[in-house]
Amino acid sequence: MKTRKTLASLAVLATLAAAAGCAAPEKEADTTTESGVDAATATSAEDFGSMDDLIKAAQDEGELNVIALPPDWANYGEMISTFEEKYDIKVNSDQPDGASQDEINAANDLAGTDKAPDVFDLGQSVALANTDMFAPYQVETWDDIPTEFKDADGAWVNDYGGYMSIGYDSAKVPDVTSLQDLLGPEFKGAVALNGDPTQAGAAFSGVMMAAIANGGSADDIAPGVDFFSDLKKAGNFLPVDPDSGTIESGATPVVIDWDYLGAAAAANVDTWKTVVPEEAVVAGYYFQAINADAPHPAAARLWQEFLYSDEGQNLWLKGGARPVRGDAMAEAGTIDADLWGALPEVGGEPVIPTDDQTVTAGEYLADNWSKVIS
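The sequence shown maps to residues -23 to -1, 1 to 351 in mature numbering (1 follows the signal peptide of the UniProt record, and there is no 0).
Watch out, some of these pointers could steer you wrong.
Derived lysine to any residue pairs resembling SDA-like cross-links, with alpha carbons at most 20 Å apart [to be verified]: (1) Lys209 <-> Lys295; (2) Lys250 <-> Pro321; (3) Lys33 <-> Lys67; (4) Lys209 <-> Glu62; (5) Lys250 <-> Lys210; (6) Lys67 <-> Pro47; (7) Lys92 <-> Gln72; (8) Lys63 <-> Ser27; (9) Lys295 <-> Val323; (10) Lys127 <-> Asp332; (11) Lys63 <-> Ser286; (12) Lys67 <-> Glu256; (13) Lys295 <-> Ile350; (14) Lys250 <-> Ser286; (15) Lys295 <-> Asp332; (16) Lys348 <-> Ala199; (17) Lys210 <-> Asn191; (18) Lys165 <-> Gln72; (19) Lys295 <-> Pro216; (20) Lys250 <-> Glu322; (21) Lys33 <-> Pro73; (22) Lys165 <-> Asp203; (23) Lys92 <-> Pro73; (24) Lys209 <-> Lys348; (25) Lys63 <-> Pro48; (26) Lys67 <-> Ala106; (27) Lys295 <-> Ile329; (28) Lys67 <-> Glu40; (29) Lys127 <-> Asp109; (30) Lys209 <-> Gly161; (31) Lys250 <-> Asp220; (32) Lys165 <-> Ala199; (33) Lys33 <-> Ile57; (34) Lys210 <-> Asp332.
With beta-carbon atoms standing in for the labels, derived distance ranges [said to hold, decoys possible]: (35) Asp197 <-> Leu160: 14 to 24 Å; (36) Val217 <-> Glu117: 20 to 30 Å; (37) Lys348 <-> Asp65: 44 to 54 Å; (38) Ala319 <-> Thr124: 23 to 33 Å; (39) Lys348 <-> Gly222: 41 to 51 Å; (40) Gln72 <-> Thr223: 16 to 26 Å.
Worth flagging that the hints you see were computed from the coordinates, not collected in a lab. Think of the CB as a built atom: it goes at the ideal place given N, C-alpha and C, for glycine as much as any other residue.
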C-alpha cells in the first residue's frame, strides 16, 4: 500500500557553530512596506491587506535569498525558476549542496545583512533546535496541512517527504533487494551515503535504515553504524558525497538516499533503479521556515505561499517527492493525478522515530560515526 499520511520528519542532531567572531557587518533594516505594513511581523497574507498586496510588497523588495536547495533535489530547480518567472523576483541560491546545519550557520554569520537566508529547508532536529530563529506565518492553504505536520503558530511547517532508499546503476552492479546485498564483493568501492550523518538528514536516515535492517530500531541506531563499519571493512563503502554529476559519470554506482532523488537520477541515467527495502522502511519530511531576520521578509512570505499552493505542491510531486498537502489536493481534484498515481508502491510498516529518538540517535552518531570514517 502507498503510505502518505504517515510520513514524518527525520534528521540528525546538530550543534550550532559559533558565529559572533566572523559575523558580517550589520545594517539597519526597514521592513515597512509602502502601505505601512511591517512585513517582518506579518503572520498571514491578510496582514498585508490581501494576496495582491503581499505580491506587490515582495516585488518591491525584488529578491529572495534561499540556501541549500540543489536544483535536482525534489525539483527545486523548476520550483525556483517558476517562482522567478511568475513574480519577477530574483532568487539568489547560496550553497546549493549545503546541509541543514549550514543554513543555520549562514543565518548566524550573516545576521543583519542583505545576504542572510530569507527562508530555511531543514531536517527535524536542526529545525526544532532553532525555532527562536523562525518567524511565524500561516499560508492561505494552512487548513489543508495536517495538524501533526505543522507548528500550531506557524513557526515551521513540513513541506515534502519520501522514503529512504537504495539507488543503483543496474548496468554496473547486480540488482539490489536488501541492504545485506551491499556487503557482497560485487559492490567493491561502490556504495555511497548522501552526506555526513552527524550533519545531514538524508545520511542520518540512511544509517537509521541500516540499523533497522540489522536488528536495531528507532531507539537503537548502533547496528546501523556497525553495518557501515562492516561495509568499509569489506572495501565497499565509498567516502564520496554523491550528486547528479557523480551518478551520471558512474563514480557513485550505488547511493543510499531519499527515493525522490533516485527518481531524479533515473531521469538522466536510463539504467538507474531505486528500491525501498521492505525490511527497513524509513519515512521523512523536511521542515520549512522563515528566517525572523530575513532581509526580504515579504518575498520570504510569498515564497511560502507559492510552496504550499497547488502549483508549488505539484512541482514537488513532479520531482518524485510527496507534498504535505497531497491527500487534501487529491480529494479536491487539484493534484496531478498521473504523477500522484505513479508514486512507487512501498511495502512494510514505515518507521517514524520521535523527536526524542532522533536526538538520542544523533548523540550516538556524534560519538561513534568516527569509527566508520577514521
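- Query: What hints, given by number in increasing order, does this structure fail?
  - Reply: When the structure is compared with the hints, numbers 1, 4, 5, 12, 13, 14, 15, 18, 19, 21, 26, 27, 32, 34, 36, 39 turn out to be violated.
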